[in-house]
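Number of protein chains: 2
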Amino acid sequence: MARWQPDALGRLQQAALTLYGERGFDNTTVAEIAESAGLTKRTFFRYFADKREVLFYGAEELEELFTSEVAAAPESATPLDAVAAALDVVAAGFEERRELAARRQQIIIANPELQERELIKLAKLARAVAGALRDRGVADPAAILTAEAAIAVFRVAFERWVDPANRKGFQRLIRESLKELRAVTAA
Amino acid sequence: MARWQPDALGRLQQAALTLYGERGFDNTTVAEIAESAGLTKRTFFRYFADKREVLFYGAEELEELFTSEVAAAPESATPLDAVAAALDVVAAGFEERRELAARRQQIIIANPELQERELIKLAKLARAVAGALRDRGVADPAAILTAEAAIAVFRVAFERWVDPANRKGFQRLIRESLKELRAVTAA
Chain L
337 MARWQPDALG
347 RLQQAALTLY
357 GERGFDNTTV
367 AEIAESAGLT
377 KRTFFRYFAD
387 KREVLFYGAE
397 ELEELFTSEV
407 AAAPESATPL
417 DAVAAALDVV
427 AAGFEERREL
437 AARRQQIIIA
447 NPELQERELI
457 KLAKLARAVA
467 GALRDRGVAD
477 PAAILTAEAA
487 IAVFRVAFER
497 WVDPANRKGF
507 QRLIRESLKE
517 LRAVTAA
Chain U
337 MARWQPDALG
347 RLQQAALTLY
357 GERGFDNTTV
367 AEIAESAGLT
377 KRTFFRYFAD
387 KREVLFYGAE
397 ELEELFTSEV
407 AAAPESATPL
417 DAVAAALDVV
427 AAGFEERREL
437 AARRQQIIIA
447 NPELQERELI
457 KLAKLARAVA
467 GALRDRGVAD
477 PAAILTAEAA
487 IAVFRVAFER
497 WVDPANRKGF
507 QRLIRESLKE
517 LRAVTAA
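Chain order of the listed sequences is L and U.
Counting in the working numbering, the first sequence runs from 337 upward without gaps.
Counting in the working numbering, the second sequence runs from 337 upward without gaps.
Be a bit skeptical, because a hint or two may be false.
Since the list gives no way to pick one copy over another, a pair counts as held whenever it fits inside one copy or between any two copies.
Result set (DMTMM-like, lysine to aspartate or glutamate): computed pairs, CA atoms no more than 25 Å apart in a straight line [claimed, not checked]:
| hint | residue 1 | residue 2 |
| --- | --- | --- |
| 1 | K377 | E411 |
| 2 | K504 | D476 |
| 3 | K460 | E405 |
| 4 | K460 | D417 |
| 5 | K377 | E405 |
| 6 | K515 | D499 |
| 7 | K460 | D471 |
None of these hints come from the bench; they were simulated from the model.
Next comes chain L alone, as it looks inside the complex (with noise of 0.2 Å):
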């Protein structure tokens, strides 16, 4: 029977990013990582398929909490209030974890491997978004747009909120980024 381990999957997800740091992506096994937790390979592999999903942990829920918050939104909101409305609590989720995610994002932005599986990653939201907004009884092409230019704006907000240099609150820098898109697309 399995020990219990408290909070494996987070010291997992720390010592992956750390070791990718220090050595490179490349570089590190999955052998490491479990050492470095105090943890087995065996309840790596209880958490994670890979030692790359360790970075991608959690796109499912972002995708669940994402479509189900743009289905909820007012009957009465646009498309793109609904992306925003959702977009707003998806980042409220992420306020706390911005010093992993900026230690991701320089893990990501140095393996072009890992910058594909990102886009992956984003591409594959911007189709269930896109899934929800029709689901709304938005028609196409403006379920796809908007689901487009809502991933964009996350995008954008998402690299200015891990520069270093930045203060502002992830929220805050969606809902900037948004207006900017309103904005840049005014007629």
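Once you have looked at the hints, place chain U on chain L.
Frame of chain L; chain U shown alone:
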């Protein structure tokens, strides 16, 4: 000395698209493409680094055209007007190649690795367009948001254009999608 081979590039592209469509991308070799085009492998490698690159040939020219058109927009043009003008020129250049574009799209949709490659190329294009906007004095996040929006419009219009049921031109679909983007982001 290499013999002169009329339209070797076009013949290789046609042969590759046909074989990828018939056998699947993974089950086609460079030797088979060359043979089917009546050319040698050596001629193939004069144009393409590998069999994947046949599908992405011209990405650099697209980027060059897109960014130079953004640069050429009147000084008074807003960021979105500048990318709209560029999209118009880009779309016109695609117009004659719908059949090839549609076949290419089917092959890419069928293969996750090719989809990833497509995402990476489009992300690179977005960064280049953002750079061209910055060169016009557009600040961030407006530059990157406008560029991301432009690429979303491009992609959405492209997918509509290559749809077998579609009868509209690419340029017209680009304009419609851009109008739709303005509509969904109107405050």
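Against the structure, the hints:
| no. | hint | in the structure |
| --- | --- | --- |
| 1 | K377 to E411 | neither (48 Å within a copy, 59 Å between copies) |
| 2 | K504 to D476 | between (35 Å within a copy, 16 Å between copies) |
| 3 | K460 to E405 | within (17 Å within a copy, 31 Å between copies) |
| 4 | K460 to D417 | within (21 Å within a copy, 29 Å between copies) |
| 5 | K377 to E405 | neither (36 Å within a copy, 53 Å between copies) |
| 6 | K515 to D499 | within (20 Å within a copy, 33 Å between copies) |
| 7 | K460 to D471 | within (17 Å within a copy, 32 Å between copies) |
The structure is inconsistent with the numbered hints 1, 5, although it conforms to all the rest.
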